[in-house]
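Participant: Next come the chains, spelled out residue by residue.
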Amino acid sequence: NAGVTQTPKFRILKIGQSMTLQCTQDMNHNYMYWYRQDPGMGLKLIYYSVGAGITDKGEVPNGYNVSRSTTEDFPLRLELAAPSQTSVYFCASSPPSYGYTFGSGTRLTVV
Amino acid sequence: AQKITQTQPGMFVQEKEAVTLDCTYDTSDQSYGLFWYKQPSSGEMIFLIYQGSYDEQNATEGRYSLNFQKARKSANLVISASQLGDSAMYFCAMKDRGSTLGRLYFGRGTQLTVWP
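Chains as they are written, first to last, in our numbering: chain A, -8 to 102; chain B, 210 to 325.
These are computed hints drawn from the structure, not numbers from a lab.
Don't take each hint at face value.
[What the hints assert, rightly or not] As a list, the in silico BS3-like pairs of lysine-lysine whose alpha-carbon atoms are at most 25 Å apart:
1. K225(B) - K279(B)
2. K35(A) - K282(B)
3. K48(A) - K212(B)
Since the model is a prediction, treat every value here as computed from it, not as a measurement.
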């Protein structure tokens, strides 16, 4: 079982570049989330989605965009990368009343 | 206000000993869920244990148990018979009815080191 698949695992971006972090789940979960993890700060919610075509902002959405055209896919777009976006990014999915299944994470460095 | 507080940035325990990782939470809801996740140095997030607010018994999963004290709003993770492979970051998390559509609130984590 694949669960939640995130790509890429590592990426280095130059300031001002853009990229898309991919996230796919095969558990038919309606709820999907993007978090970023900064050292010593826990996980902060960037965006979330409750189903195809429905997305909303979390705590730290600035500099990011998402789309949800299918139940399976929830890509995160970084426009005009900044050093402050250097972080580890996690995608997760869940059924409504339980915990998350996480992807393996993407370690992004902006230089 | 912080929903989840983990006051121990780091903990050390000798192999085969038990260790308790502290977690307190803040909610006014009666219905909520508490979770613990493990993050080893490889980076993935691994679900360990879940406790529902209406569960009368403390949750257990193998060597993991959750010491749930509802009146004190604490949900401490107890790891019995620690192993070297337990060295990792541990996160406490909560989902309550105020959680925006299933969102989990995470604490800042506790780094556990198990020494031989």
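Participant: Each hint: holds or not?
Facilitator: Each hint tested on the structure:
Simply put, K225(B) and K279(B) have alpha-carbon atoms about 29 Å apart, too far for the 25 Å limit, and the pair is violated. The hinted pair formed by K35(A) and K282(B) meets the criterion: a straight-line CA distance of about 22 Å does not exceed 25 Å. At most 25 Å may separate the alpha-carbon atoms for a hinted pair to count; K48(A) and K212(B) meet this at roughly 19 Å.
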